[in-house]
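The residues making up each chain are set out below.
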Amino acid sequence: MTHLRDEQGPYFGEYGGRFVPESLIAALDELDAAYRAAKTDPAFQAELAQLHATYTGRPSIITEVPRFAEHAGGARIILKREDLNHTGSHKINNVLGQALLAKRLGKTRLIAETGAGQHGVATATAAALFGMECVVYMGEVDTERQALNVARMRLLGATVIPVKTGSRTLKDAINDALRDWVANVQTTHYLLGTVAGPHPFPVMVRDFHKIIGEEARQQVLDLTGRLPDAVTACVGGGSNAMGIFHAFLDDPGVALYGYEAAGEGHLTEKHAATLTRGRPGVLHGARSYLLQDDDGQTIESHSISAGLDYPGVGPEHAWLNDIGRATYLPVTDDEAMQALRLLSLTEGIIPAIESAHALAGTIKLGKELGPEAIVLVNLSGRGDKDMETAGKYFDILDAEVLAADDSAPL
Amino acid sequence: MSAVEDVIAARKAAGSGAFVGYLPVGFPDLATSIEAAVALVENGVDVLELGLPYSDPVMDGTVIQKATQAALAGGFRLAHGFEAVAAITARVSAPVLVMTYWNPVLQYGVDRFADDLVAAGGAGLITPDLVPDEAGPWLAASDRTGLDRVFLAAPSSTDARLAQAVATSRGFVYAVSTMGITGARSDVDSAARGLVARLRDVGATSTCVGVGISSAEQVREVLGYADGAIVGSALVTALADGGVGAVARTAGALAAGTRLTTS
Ligand SMILES: Cc1ncc(COP(=O)(O)O)c(C=O)c1O
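Just so you know, the sequences run in chain order A and B.
Residue numbers are given in the numbering used here: position 200 of the first sequence equals residue 200, and the series is strictly consecutive.
Residue numbers are given in the numbering used here: position 105 of the second sequence equals residue 105, and the series is strictly consecutive.
Because the hints were derived from the structure by calculation, they are not lab data.
Here the structure is a predicted model, which means the values were calculated and not measured.
A hint or two may mislead.
[As the list claims (entries may be wrong)] Here's a subset of chain A near chain B, in silico, CB distances under 7 Å, partners left out:
hint : residue
1    : Phe19
2    : Val20
3    : Glu22
4    : Ala26
5    : Asn175
6    : Arg179
7    : Val182
8    : Val282
9    : Gln297
10   : Thr298
[Stated by the list, open to error] Each computed SDA-like pair below joins lysine to any residue, with the alpha-carbon atoms no more than 20 Å apart:
hint : chain 1 : residue 1 : chain 2 : residue 2
11   : A       : Lys103    : A       : Gln50
12   : B       : Lys66     : B       : Arg185
13   : B       : Lys66     : A       : Ile161
14   : A       : Lys164    : B       : Lys66
15   : A       : Lys164    : B       : Gln69
16   : A       : Lys270    : B       : Ala73
17   : A       : Lys103    : A       : Asn184
18   : A       : Lys392    : A       : Asp334
19   : B       : Lys66     : A       : Ile299
20   : A       : Lys210    : A       : Arg5
21   : A       : Lys164    : B       : Leu72
22   : B       : Lys66     : A       : Glu300
23   : B       : Lys66     : A       : Gln297
24   : A       : Lys164    : B       : Ala73
[Unchecked claim] Cβ pair distances, simulated, as ranges:
hint : chain 1 : residue 1 : chain 2 : residue 2 : range
25   : A       : Phe130    : B       : Ala14     : 50 to 60 Å
26   : B       : Gly74     : A       : Thr159    : 30 to 40 Å
27   : B       : Pro137    : A       : Gly324    : 23 to 33 Å
Glycine included, every Cβ here is placed at the ideal spot set by N, Cα and C.
This is chain B alone, in the form it adopts within the complex (with noise of 0.2 Å):
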């Protein structure tokens, strides 16, 4: 079983789920993405999902394409990102997934960058624009290796495609919380409570929901139906306004939706 999987059964056991928190590396440079990874952690992170700038980020809402063109701009190299998965996995034992678009993965070499990042502790992709269709290189390193891989689920998906996904995906299934990229919104899709329903159907064990939570109470509502809360946005938009100090407040303040209420 993968240490993802492991991390977020252990806060289910524990009455919960787990708090997964994006940053992006080389933002705002490559030392304070490291030193901000690591507060997330320090602050009730359970599981790291560190983003390697791209390009052409088509699942990127505004908040994370200016962090991550400016960390492309500030010169990140994707040896930068296996620099910072081996800096931070050294300091914290929360496990790293690293959250890549296809094309640098495939430009590196899939076999290299699987071998690279089991070097550096990482634990497995997730990989927004590459559906289990188009895997097969991906799927077959990731088995040699036992890499994690996250696919994303759609509340668009059929039900055939989620089985898929289930299927292929090791350490959580993705759901999209609501059709659209990522960004933080006040509510939540209902979308995602039926998704998350449509998925357990087909057989899932470890469901994360991600795109739009940014508040603890969204994530104690995401909990209760779901196995873990993705939040992005909220916590770029803290380290771009008040630097480490201030993404660790929001982290910690974020995580007390993990914790149960008497309420």
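Chain A with its partners taken away, still in its complex shape (with noise of 0.2 Å):
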């Protein structure tokens, strides 16, 4: 009897796979053979549970939020509080995982792509207590949406790089660290932030996630008294959706739900729902959705989430999204902040942008399954980073109060 669960890469059906510069082959053959051996070396292992046990804050908590509930057709909404790591996101979890990986191989230096920052910071983070060099690409046009990530990097000792060649967001960080990562491999790992990019990172990020759903699987049933009828999570590259997802894949009775970010609205021209309207291709090493043109080259996605501002997605989704076991839905920038603000003002819970795609789709779900239903939600980060631009969204800035202060004397 085979499991969804034990799939292991390089390929997922016909997605994943390595399509990279010669340059990056023996790299990714070292890291493959690295991380193979670490996940059966118990010191490896230990290691990384004791890191997360008195660093990152595992387990996290469940939360159960039924005010929250009464707006989504009064379903049990239970969070699984990925916000309240270390860091404010479940970046930390993959981070800590490939920096003691990139210590094994002797490297010195990480980089890293960001978008909302958070895996920025993560890494930034693990640079710091690992001792080691950090440097990080972010879009200029993310750089300046989460201007507070960006410091958060600096004062932890990182470099970070506005890229400014493309869209400027996401998918060009990428290709610079792909960049960085071929002329430096010898002293570098790119510490890559999500289920995307050429085999092994598909696999092994999320591996190092998976812990999440393996936390909430337990924490649910304790709680419940039985599995919950749907997981829900959100997907830029994939990471936190894959980490929650994966030890439900062989549970036949959850149903998985990815939600994408559809910006403008995913028949309009500004949306990053890779899922629900690209089409298969090959973007950052690996087989999968992108979106794109006729002629293949990508197109730029759109959301007011950075985290989600990404034209591919990673390949398990793609394969997981082909055989029918999780459902990609989109949903659209307004729906995410009415979400955001549901929360805050309900349970006294920000929520990052990105999970808050995760909510608003939950609030649909649950009115379908109704008041019997039972559904965990990845709440994947926490929405400080996002106050510039909720505040702007909501017009609830003073900005001359504000100004004020700045010139307040000392």
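Since each chain sits alone in its own frame, please combine them into the complex, following the hints.
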């Protein structure tokens, strides 16, 4: 009996692989071998578990949100609180795993791409913790809308390089990180932040995040006495979604929903709904779905959420989509922002805009499933980084007062 | 045997090696890119490497990125690539290899792409982000059509992978001179010399070195141990700064590196 959980790459169905310059193959082989050794090495697993217990803050708790659930058809809604991890999102799970591997490989320099800045902050954090050099590539657009995270990375000692090519967002940050890696592969580990990219990244990043679903599955069982009817998450590259889906892949009674950023609407030109509107092709080292024109040129994506503003998606999601095990649906900017406000007002939890896409999808899903249902939502991050975007969106920033504060005498 | 291999072998037999020149299609516009490619051949380029602009060129440095992004912004379509190959091969006899990232070929359809390239008079493909391991459909299409297929070899490649690159490539093997992306460098790594020697050890008979070469001296140095020298960014810079006349002069100056000197 084979399990969906057992997929180890390099292919998930027809997706995945290694579509990279030959210069990177040796590094990918080295990484793959190191990762496979670490997976079965009790010393590595113990070191990572210890870090998660004493640094990340794992296990993360679950929180039932009944006042929010009133707006979602009365279904029982339970949040997996990855927002409470150190650095404020799920990203740290993968970062600590890969940073430990990099250390084992004798690399002294970490590079990363980042969209929302959460992955960059987590990588800068690990570099500080392990005494490594850190360079983070971030689209210029994102350095502006996530300026707070740029400051955090710099404070942590990282160099942030604003990427000015192409769409000046996450896609182009990945291009520049790959170029850096080609040139510096001897000293440098490319700490990719999602379940995309060439093998072994999709499977390795998933494995470092699957702790989310493993913890949550048991926590929901303990709380409710049964498995949830549905598990939901937002999907950018897809790491938090794979992390929470993985433990449930072989539970046929548990439906899996990934919510993609639909920007101004998935039928407009301004969206990032890769699985909804894209088609298979090769981008950033793997075959998967992507947004592209007839010539195979990547189409720029759009989302109010920097972390979901990506025209690709991890290959395992492409496969889960095709075999029908998971369902991927679009959520607009406005639906996400309304859900962000609703969770804040009803439960006192301000989510990241990325995670708010999962909440918005869950509101619709809860109404479909009705009050008997239990829905587990991956709350992948907290909203601190998004206060400027949210402040503008809801017009709750008082510009004059802010300016007066700035000029107040010390 | 392939036309590319013939040209390289002929230059070798004459005591030197081949000068391979790169320019992207559609920069600064389609017509000028065709004129510039023709001018390269008229000024000593033996094999043309015609790049198809792509939205996410991870193997390219800033010079080529800027040019190909400008071409895309100017409305480059894949059809222009075939148009350019046809226009160039109608005017000059040098073989034309198309350098392209993989997704455009995949979306066009691998077999359809191969057929249209043959129809346009193209010699084959250089595929910077396609390793032989993932190239099944392209190996089949190039075998069916006889097109050349140039795979890359890197200083970091194992001997087994070098042997695979040699066994699967036709035309030449592209030896990446350094661990890095395209762009001029003052010294072409000693890594290139070692890589070419390792490629010969596993049976390579046609090896061109690329990435970083920008002067006649470097061309001469590379041809001291390899079968061809590939120049890209230096030509693109000349075209960007001074138009067709400048790129013709630069090609002529670089071609001096292919001539034997008495010094
Ligand atoms: C809080 C949060 N959630 C989700 C994402 C999207 O990434 P992924 O789809 O890999 O989980 C990001 C990325 O920046 C993020 O910061």
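Going down the list of hints, with the structure as the test:
no.: 1; hint: Phe19; in the structure: holds (5 Å)
no.: 2; hint: Val20; in the structure: holds (6 Å)
no.: 3; hint: Glu22; in the structure: holds (4 Å)
no.: 4; hint: Ala26; in the structure: holds (4 Å)
no.: 5; hint: Asn175; in the structure: holds (5 Å)
no.: 6; hint: Arg179; in the structure: holds (5 Å)
no.: 7; hint: Val182; in the structure: holds (6 Å)
no.: 8; hint: Val282; in the structure: holds (4 Å)
no.: 9; hint: Gln297; in the structure: holds (4 Å)
no.: 10; hint: Thr298; in the structure: holds (4 Å)
no.: 11; hint: Lys103(A) / Gln50(A); in the structure: holds (16 Å)
no.: 12; hint: Lys66(B) / Arg185(B); in the structure: holds (18 Å)
no.: 13; hint: Lys66(B) / Ile161(A); in the structure: holds (18 Å)
no.: 14; hint: Lys164(A) / Lys66(B); in the structure: holds (11 Å)
no.: 15; hint: Lys164(A) / Gln69(B); in the structure: holds (12 Å)
no.: 16; hint: Lys270(A) / Ala73(B); in the structure: holds (18 Å)
no.: 17; hint: Lys103(A) / Asn184(A); in the structure: holds (16 Å)
no.: 18; hint: Lys392(A) / Asp334(A); in the structure: holds (13 Å)
no.: 19; hint: Lys66(B) / Ile299(A); in the structure: holds (18 Å)
no.: 20; hint: Lys210(A) / Arg5(A); in the structure: holds (10 Å)
no.: 21; hint: Lys164(A) / Leu72(B); in the structure: holds (16 Å)
no.: 22; hint: Lys66(B) / Glu300(A); in the structure: holds (17 Å)
no.: 23; hint: Lys66(B) / Gln297(A); in the structure: holds (16 Å)
no.: 24; hint: Lys164(A) / Ala73(B); in the structure: holds (15 Å)
no.: 25; hint: Phe130(A) / Ala14(B): 50 to 60 Å; in the structure: holds (56 Å)
no.: 26; hint: Gly74(B) / Thr159(A): 30 to 40 Å; in the structure: holds (34 Å)
no.: 27; hint: Pro137(B) / Gly324(A): 23 to 33 Å; in the structure: holds (26 Å)
When each numbered hint is compared with the structure, no violation occurs for any of them.
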